[in-house]
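Visitor: Same order as they appear, the protein sequences are chains A and B. Counting with my numbering, you get residues 773 to 983 for the letters of the first sequence. Counting with my numbering, you get residues 131 to 319 for the letters of the second sequence.
Heads up, some of the hints might be wrong.
Here are the simulated DSS-like pairs of lysine-lysine, each with C-alpha atoms no more than 27 Å apart in a straight line [what the hints assert, rightly or not]:
no., chain 1, residue 1, chain 2, residue 2
1, B, Lys-176, B, Lys-250
2, B, Lys-248, A, Lys-834
3, A, Lys-964, A, Lys-954
4, A, Lys-854, A, Lys-911
5, A, Lys-964, B, Lys-285
6, A, Lys-857, A, Lys-840
7, B, Lys-174, B, Lys-301
8, A, Lys-875, A, Lys-854
9, A, Lys-830, B, Lys-248
10, B, Lys-174, B, Lys-285
11, A, Lys-905, A, Lys-872
12, A, Lys-816, A, Lys-854
13, B, Lys-248, B, Lys-301
14, A, Lys-854, A, Lys-954
15, A, Lys-857, A, Lys-834
16, A, Lys-911, A, Lys-840
17, A, Lys-823, B, Lys-301
18, A, Lys-830, B, Lys-174
19, B, Lys-250, A, Lys-834
20, B, Lys-248, A, Lys-964
21, A, Lys-823, B, Lys-141
22, B, Lys-301, B, Lys-141
23, A, Lys-834, A, Lys-872
24, B, Lys-250, B, Lys-285
Worth flagging that the hints you see were computed from the coordinates, not collected in a lab. Remember, predicted model here, so these are calculated numbers, not experimental data.
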Amino acid sequence: MGGMISISGPCGSGKTNFGLEYLIRGAMGGQKGLFISTVHSPGKLMTYLPKLDYADGKLFEKGMVVLKHIDEMGSGERDDGKITKSEAFAMVADIDEAIKEQKAARMVLDATNPILVEMEDWVARSFLLSLSKVLFDSKCTGLLITEGDVPDCQEHTMSDGIIKLGTAVRRGDNYRVLEVLKMSGAGHSRAKYVMDMTPEGLLLTPMLRGF
Amino acid sequence: MEEAAPQILSKLNELGPSVSIDFNISVEAYFDTLTALIDRFCNKKKLSCIYISVTVPSSTINSALQSLEIDTARLRFVDCISFATMECSATDDTHTVYVESPTMLEYIVLKMEYLFRKGKGEQFMVILDSVNSLAAHNEVRMLYEFMQVLMASAKSRGAYPVILSMEDQMKPELQEMLQLVSDQIVTLK
C-alpha cells in the first residue's frame, strides 16, 4: 500500500483500460478509487469505458470510483506555458486532498506526459517526489500512466514498480504484450505476457517461445 | 462408422473430465464424431462446449449441426479461420469469439479462458478441431508448447479436453507430439 507504479506503453497498448480495471477491481473489493485524467474530461472518459461483464456498472454511480480532470487540480496558472514549482506543488496538494476526500486506496494519473512536458526537469522531479510521498503517507497505491516507450524517464526512476505494455511481432502477427520490469519488495515474473482485453477483463498468458 | 459413437461415449465416460483425449479419425467419420461429442455427450450431460475451429469456419459447423437438428445452445466457438477466409462479419452472435489467425496461438488460450470465465459455474468440454490444421500453420515445437498450455488450462478447469486428429494427415513429428500432450489416443476405425 502506498506505492507509485509506472505503466508505460505506446498508443493503443491498453494503458487506460489497465488503469480503469485496476480501480474497478479494487472497488469490487471495497477499495475506493480515484482516476485523474490529464487528457479527457470525466464525461468523455465514461464513453471510453469498456463493456465489462464482471463489474457492477453502478460502481461509478455509487462513488466507489471517481473520475476527475487535472484542470480541477492546482490554480491552472502557467508562466509562459510552463507549470512552475509552486503550481506543481499546488497540484500535488489538491491531489492529496482528493485522495483524502475520496478515502482512495487506489489512484490513477492518466497520463503524466501532458503535465510533465510543461515542467522543467527539476520541477517535474520535485512533482513526482512529492506525489510519491503523498501516496505513501495516505497508503494509496498510484498508477502513473506514461505515453510512449521511454525506458529511463523520470517516472520510471522514481517509481516503486514499472509495468511495460507494448506490441510484439511474431511472423507478421501483432501481439499486445505486458512485462513487469520492476516491483520493489516483491517477487515478480520477468516473462513477457500476451494480453487480451475482454469483457471479462484483461487476460494474460505467457508468450510462447517455441524453444 | 456406426461404431464410432459408442467408442467415443464409452471412452469419455470411462476417463471422465480433466483427461486429454486425442480422437484419431478418418475424414468420413468427421460429422459422426461431432454428433457424438456435441449431441450425444455434451447435450446429454448438459455440458457447455468450447469448440476451437481451425479447419472449418464456425458458421459452417453451426449450420451443419442445426441441419442435423442438434441443439447448439451450449456451443461456444473460438473461430480461428473465419478472419483468414473473410467470413467474419460484424455480428451480435455472443457464442463466437474470433482469433485473427491460427498462428496467434496465445490468443486461442486467452479466448478459451474468456469463455470459461463467461460461463462461470458451467462444466465444459473443449474440442480442438483439428491439430492437423493447426500444424499446417505452426511449427511443431511451438505447437507442442501451445498444446501443453491449452490442455493444462482445460484440465485445471475440470473440462473434458478433446483433440481431433485426422488419420490420413498425420506426420511422424505430429504423432510424437500428440503422444506427449494426450493422456489417451483413441484411433476410431
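Visitor: What hint numbers does the structure not satisfy?
Guide: 4, 7, 8, 13, 14, 15, 17, 18 and 21
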